[in-house]
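Peer 1: Residue numbers (the numbering used here), protein chains in the order written: chain A, 1 to 320; chain D, 1 to 544; chain U, 1 to 220.
No wet-lab data here; the hints were simulated from the structure.
Virtual Cβ for every residue (Gly too), placed ideally from N, Cα, C.
Please note that the accuracy of each hint is not assured.
[As the list claims (entries may be wrong)] Simulated restraints on C-beta separations:
1) D:G291 x U:A91: 18 to 24 Å
2) A:G229 x D:F232: 33 to 39 Å
3) A:S257 x D:L59: 57 to 63 Å
4) A:F42 x U:V43: 42 to 48 Å
5) D:T315 x A:G229: 38 to 44 Å
6) U:V181 x D:Y134: 31 to 37 Å
[Said to hold, decoys possible] A few chain A residues that don't get close to chain D, going by computed Cβ distances all over 12 Å:
7) P101
8) A103
9) P132
10) T172
11) S192
12) G193
13) K208
14) A285
15) M287
16) S308
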Amino acid sequence: MRISMNKTLPLLPESASDIAPEIDLLMLAETAFSIFFTGLIFLVVAYFAIKYRRKSEADTPPHIHGSLMLELAWTFIPFVMILGFFVWGTNVYFRAYSAQPNAMEIFVTGKQWMWKVQHPEGPREINELHVPVGRTLKFTMISEDVLHSYYIPAFRMKKDVLPGRYTYFWITPTKVGSYHLFCAEYCGTQHSGMIGTVHVMEQSEYEKWVSGGDESMTARGEQLFSQYGCVTCHLADGKGRGPSLVGVYNSMVKLQSGVVVKADESYFRESILNPRAKIVEKYQAVMPTFQGQISEEGLLQIIAYIKSLEKEEEGGTPQQ
Amino acid sequence: MSATHEATPPTSELNYLNNGWTWQSWLLTGDHKRIAMLYVISITVFFALGGLFAGAVRLELITPQGDMMDAETYNKMFTMHGVIMVFFFLIPSVPATIGNFLIPIMVGARDLAFPKINLLSWYLYVIGGFCGLYAAAVGGVDTGWTFYTPYSSTYSNSAVIATAMGAFVAGFSSILTGLNFIVTIHKMRAPGMTWGRLPLFVWAHYATSLIQLLGTPVIAITLVLLMLERAFRIGFFDPALGGDPVLFQHLFWFYSHPAVYIMILPGMGVISEIITCFSKKHVFGYHFVAGSSLAIAILGFFVWGHHMFTAGQSTYAGMVFSLITFAVAVPSAVKIFNWTATMYKGSVSYETPMLYAMGFIGLFTIGGVTGVMLATMAIDLHLHDTYFVVAHFHYVMVGGMVMAYMGGMHFWWPKMTGRMYPEHWAKLSAGLVFIGFNLTFFPQFIVGYLGMPRRYHAYPEEFQVFQVLSTAGASVLGVGYLLPLIYFTWSIFKGEKAPPNPYNAKGLEWTVPSPPPTENFRIMPVVNEEVYAYAEQHEEKALV
Amino acid sequence: MSEHAAIAHHHHSEEHVAHQFDNALQQYESGNLGMWLFLLTEVMFFGGMFGAYTIYRAWYPEAFEIASSATNIPLGAFNTVVLIVSSLTMALAVQSAQLGKTKRLVWNIILTMVFGTAFLVVKYFEYSEKIGHHHFPGSSFVWETPAPREVQILFCLYFAMTGMHALHMIVGLGIMTWLLVNAIKGVYGPKYYNPVEVSGLYWHFVDIVWIFLFPMLYLI
Numbered sequence: 001m002r003i004s005m006n007k008t009l010p011l012l013p014e015s016a017s018d019i020a021p022e023i024d025l026l027m028l029a030e031t032a033f034s035i036f037f038t039g040l041i042f043l044v045v046a047y048f049a050i051k052y053r054r055k056s057e058a059d060t061p062p063h064i065h066g067s068l069m070l071e072l073a074w075t076f077i078p079f080v081m082i083l084g085f086f087v088w089g090t091n092v093y094f095r096a097y098s099a100q101p102n103a104m105e106i107f108v109t110g111k112q113w114m115w116k117v118q119h120p121e122g123p124r125e126i127n128e129l130h131v132p133v134g135r136t137l138k139f140t141m142i143s144e145d146v147l148h149s150y151y152i153p154a155f156r157m158k159k160d161v162l163p164g165r166y167t168y169f170w171i172t173p174t175k176v177g178s179y180h181l182f183c184a185e186y187c188g189t190q191h192s193g194m195i196g197t198v199h200v201m202e203q204s205e206y207e208k209w210v211s212g213g214d215e216s217m218t219a220r221g222e223q224l225f226s227q228y229g230c231v232t233c234h235l236a237d238g239k240g241r242g243p244s245l246v247g248v249y250n251s252m253v254k255l256q257s258g259v260v261v262k263a264d265e266s267y268f269r270e271s272i273l274n275p276r277a278k279i280v281e282k283y284q285a286v287m288p289t290f291q292g293q294i295s296e297e298g299l300l301q302i303i304a305y306i307k308s309l310e311k312e313e314e315g316g317t318p319q320q
Numbered sequence: 001m002s003a004t005h006e007a008t009p010p011t012s013e014l015n016y017l018n019n020g021w022t023w024q025s026w027l028l029t030g031d032h033k034r035i036a037m038l039y040v041i042s043i044t045v046f047f048a049l050g051g052l053f054a055g056a057v058r059l060e061l062i063t064p065q066g067d068m069m070d071a072e073t074y075n076k077m078f079t080m081h082g083v084i085m086v087f088f089f090l091i092p093s094v095p096a097t098i099g100n101f102l103i104p105i106m107v108g109a110r111d112l113a114f115p116k117i118n119l120l121s122w123y124l125y126v127i128g129g130f131c132g133l134y135a136a137a138v139g140g141v142d143t144g145w146t147f148y149t150p151y152s153s154t155y156s157n158s159a160v161i162a163t164a165m166g167a168f169v170a171g172f173s174s175i176l177t178g179l180n181f182i183v184t185i186h187k188m189r190a191p192g193m194t195w196g197r198l199p200l201f202v203w204a205h206y207a208t209s210l211i212q213l214l215g216t217p218v219i220a221i222t223l224v225l226l227m228l229e230r231a232f233r234i235g236f237f238d239p240a241l242g243g244d245p246v247l248f249q250h251l252f253w254f255y256s257h258p259a260v261y262i263m264i265l266p267g268m269g270v271i272s273e274i275i276t277c278f279s280k281k282h283v284f285g286y287h288f289v290a291g292s293s294l295a296i297a298i299l300g301f302f303v304w305g306h307h308m309f310t311a312g313q314s315t316y317a318g319m320v321f322s323l324i325t326f327a328v329a330v331p332s333a334v335k336i337f338n339w340t341a342t343m344y345k346g347s348v349s350y351e352t353p354m355l356y357a358m359g360f361i362g363l364f365t366i367g368g369v370t371g372v373m374l375a376t377m378a379i380d381l382h383l384h385d386t387y388f389v390v391a392h393f394h395y396v397m398v399g400g401m402v403m404a405y406m407g408g409m410h411f412w413w414p415k416m417t418g419r420m421y422p423e424h425w426a427k428l429s430a431g432l433v434f435i436g437f438n439l440t441f442f443p444q445f446i447v448g449y450l451g452m453p454r455r456y457h458a459y460p461e462e463f464q465v466f467q468v469l470s471t472a473g474a475s476v477l478g479v480g481y482l483l484p485l486i487y488f489t490w491s492i493f494k495g496e497k498a499p500p501n502p503y504n505a506k507g508l509e510w511t512v513p514s515p516p517p518t519e520n521f522r523i524m525p526v527v528n529e530e531v532y533a534y535a536e537q538h539e540e541k542a543l544v
Numbered sequence: 001m002s003e004h005a006a007i008a009h010h011h012h013s014e015e016h017v018a019h020q021f022d023n024a025l026q027q028y029e030s031g032n033l034g035m036w037l038f039l040l041t042e043v044m045f046f047g048g049m050f051g052a053y054t055i056y057r058a059w060y061p062e063a064f065e066i067a068s069s070a071t072n073i074p075l076g077a078f079n080t081v082v083l084i085v086s087s088l089t090m091a092l093a094v095q096s097a098q099l100g101k102t103k104r105l106v107w108n109i110i111l112t113m114v115f116g117t118a119f120l121v122v123k124y125f126e127y128s129e130k131i132g133h134h135h136f137p138g139s140s141f142v143w144e145t146p147a148p149r150e151v152q153i154l155f156c157l158y159f160a161m162t163g164m165h166a167l168h169m170i171v172g173l174g175i176m177t178w179l180l181v182n183a184i185k186g187v188y189g190p191k192y193y194n195p196v197e198v199s200g201l202y203w204h205f206v207d208i209v210w211i212f213l214f215p216m217l218y219l220i
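Put together the whole structure using the sequences plus the hints.
Peer 2: This is the structure:
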């Protein structure tokens, strides 16, 4: 199946995200600048080469040492011009890579040599990604083995996928269609086979697709929470061997060492795999490690479950 | 005197080449010129080998499917192409050959400060090279020349340690060369050879040597840590232990970015010499060209994070790296402008070295402006790890550096070998190289922006037309490189004998015979004129 | 400079001026500059590991504190003293060469080598002890009391950094051997002592690296 390419401008891929036109415009401006500058050099060099070609061995070129004015001019003017591009580019970059609120979450696990995606509502995909047009998406990604990179040219977006920690990016697809998905960080033998397709769908189509009847991540996470015995120590009232996890997500947690940390996804992942790294104040270091026992997808499911635990009563005591 | 052909020539005809024919006189030499020629031979061998690997890559990429070789083999082809070209060709290229040969002569010395260390540096290069060849022989390495962990430390089933060892040992060769140059330039200049009279070739190598000294040790320790991790399964970069694979990238690029300036600065030094000679004119803005070499060397140490905009490094760090990367483009641009201005009102002739130099100016500019595009973080989000990057660095490294190397080899060939090369064949090759090069790499800019990632064995059909153009270009380029190999070799035996100064160039190297005697100068020079004193040369002639 | 002097070869056996140099002073200055530049590269070389140590320590302070409790401070302190004394004997060796006191020079070189060897012997015992306790990183690593897994990283750095340092000590002993042979032959004196001086620079540098390693790996 051939992915559609931008038909009006065969030199560009499809432009299917909020940030893509901005990047294309910036690129166009820099290309124009480059063609002008390069063309100028080519022309001047050619012109000088011809106009001042050697007429005889007795030629006597003048003794010109240089010109401070010219040096300053051609140092500062180009610098200021490209600084303009720096400011413009950094501005776009900040907006492209910054967190955006109210984003729909997608969870990506990369492994040699496939992309596994989990939607919170339940559907799981391999090498495919279905998303609704016009919604801001937040990708949370991790690798099970080596470095990978999640790259969607039509979105003009990529972010490396690392083992051992989550990386994130935000994007808003703007055009319905099917687009290439590539791994863009060399990851071994089948690196060029770690590819897929992103399907941007109309909102209504997506709603239909996503409610396919699979168990949600939260539900699966709850099963794992029980299966691995987490529920036996992490009692909701905080009186168990481990701290309560209700309402803990994104709150500030005080550790035994006195340091205060934010309980984000990485905190939970670390606590499951390397529990002695951060011990919550007033609790003992008795939690066993689950390194090697739970897959990255399982971890994401458990974290989704923990995130869903909200305080039931009004005015409940906030977790310290 | 005996009648055999190996008899020592009469003293008046004695030069560094015919001054002794035994194995020992070459393999145990302290003469910087002989060491330079040893390097020329070994570097050419590795260039050819790296070229063969490139040929394999380009052949496979003619078709979108991976049908010529399996994926693992393809991955080894591009990895070994990169490793050989970076560590065994580009880094030593000009400094170890032309630099070794000329720097003592250009400053007016009998030899470099430490001839034995110079010889040691060649042996280290050769040993490193053998490690690389051994790695190739036992099946090759498939990590990419960048050796990113954890693939290289834990997952790859290839000869990582042997290859890393090769690069490690070759790195010491590079450090020792740089050390030798700095001491020589500081301490052994002839009377009258002030810093302000040093040829720009020397300034360029001084700046290069600074980078070699400060940067190379960091890749050395990085490779050691990688080898330890792989051999003993200890975990500096292993996330399961809390190690950080991104730390490897920081350590790796801390050297490997300045390394690209080790590669290009000597080439820029060559261009300065060629442009002045073939415009018969003093360089425009000597102080600015010299200063820009130092500026590039210094700024070049602070931009390494521009290889890691998508790697998970902090956005603020990324901003700083991006800004300084924009800044480092400026001194390179300053050189381009000054070289162009040198041609203004000059007396320009089109010998082969000048053709390569003019080609360098054009192609390096293209490489440079595309570098500015990549330095723009927002654009890099799209272009990182695509063919656009491949095209960018080949424009600066091949369109820039290799053309400078070819230009320099042609320019100083008469001096080094005492023979002229055949000019028409040389001009033809230069033309083939220029055309072949652009055809090979320009389409890669386009297919990169279309989204084709690099290091891909098989690819979507719609990218094929660009890959085919690229391979077609590569075959032309290959011929362009093969011809000099043939005619340079021919010239050694059958080439016209070269006079001391075939191009009427200024510079101490042109005041000694071609080839020079072992001790360089029969009478140690005293310098009493400005560098590039072409106008004075005309005045002298006019007085006659 | 006269042409005659320019092409004359230096036969002053005391000065040992190599052919590429114009005079002994140029040779002396070149040798010194060369050694300082080489030491600069060594700073960058060790610097990579110091950088990794700094980053990991900042990320995992507790793990590092726990891990460094297993290092043998008495042995480390003993080694530190041994190295400092060896630097003293090295400095005395340089001075002896400058003053032409060959016998004193020889003895000081021998003493430096003895202390250097003592350092390495102690290191051998330390390594054996650690390996015996399963503190060598890798698949055999075991940490007895509960601790974060990052304790292993300190040991990775410990063995890499002290191992690299020990390697430099061994090279240093090799240099000392060569120096000793020449010293016994009476090669060095007031007119030619540069090799002793630059070897001394190298030895002091290796000592200084240890002065940093000891607190970093043992004390804090």
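Peer 1: State for each hint whether it applies.
Peer 2: Consistency of the hints with the structure:
1. D:G291 x U:A91: 18 to 24 Å: Because 40 Å falls outside the window, the suggested range is violated.
2. A:G229 x D:F232: 33 to 39 Å: Because 35 Å falls inside the window, the suggested range holds.
3. A:S257 x D:L59: 57 to 63 Å: holds (59 Å)
4. A:F42 x U:V43: 42 to 48 Å: holds (45 Å)
5. D:T315 x A:G229: 38 to 44 Å: holds (39 Å)
6. U:V181 x D:Y134: 31 to 37 Å: holds (35 Å)
7. P101: Correct as stated: the minimum Cβ-Cβ distance to chain D is 17 Å, above 12 Å.
8. A103: Since the minimum Cβ distance to chain D is about 17 Å, A103 of chain A lies beyond 12 Å and the statement holds.
9. P132: holds (22 Å)
10. T172: At roughly 15 Å from the nearest Cβ of chain D, T172 of chain A sits farther out than 12 Å, so the non-interface label holds.
11. S192: Non-interface label fails for S192 of chain A: nearest chain D Cβ at 4 Å, not farther than 12 Å.
12. G193: violated (7 Å)
13. K208: Holds, because the least Cβ-Cβ distance between K208 of chain A and chain D comes to about 29 Å, which exceeds 12 Å.
14. A285: Correct as stated: the minimum Cβ-Cβ distance to chain D is 17 Å, above 12 Å.
15. M287: holds (17 Å)
16. S308: Since the minimum Cβ distance to chain D is about 27 Å, S308 of chain A lies beyond 12 Å and the statement holds.
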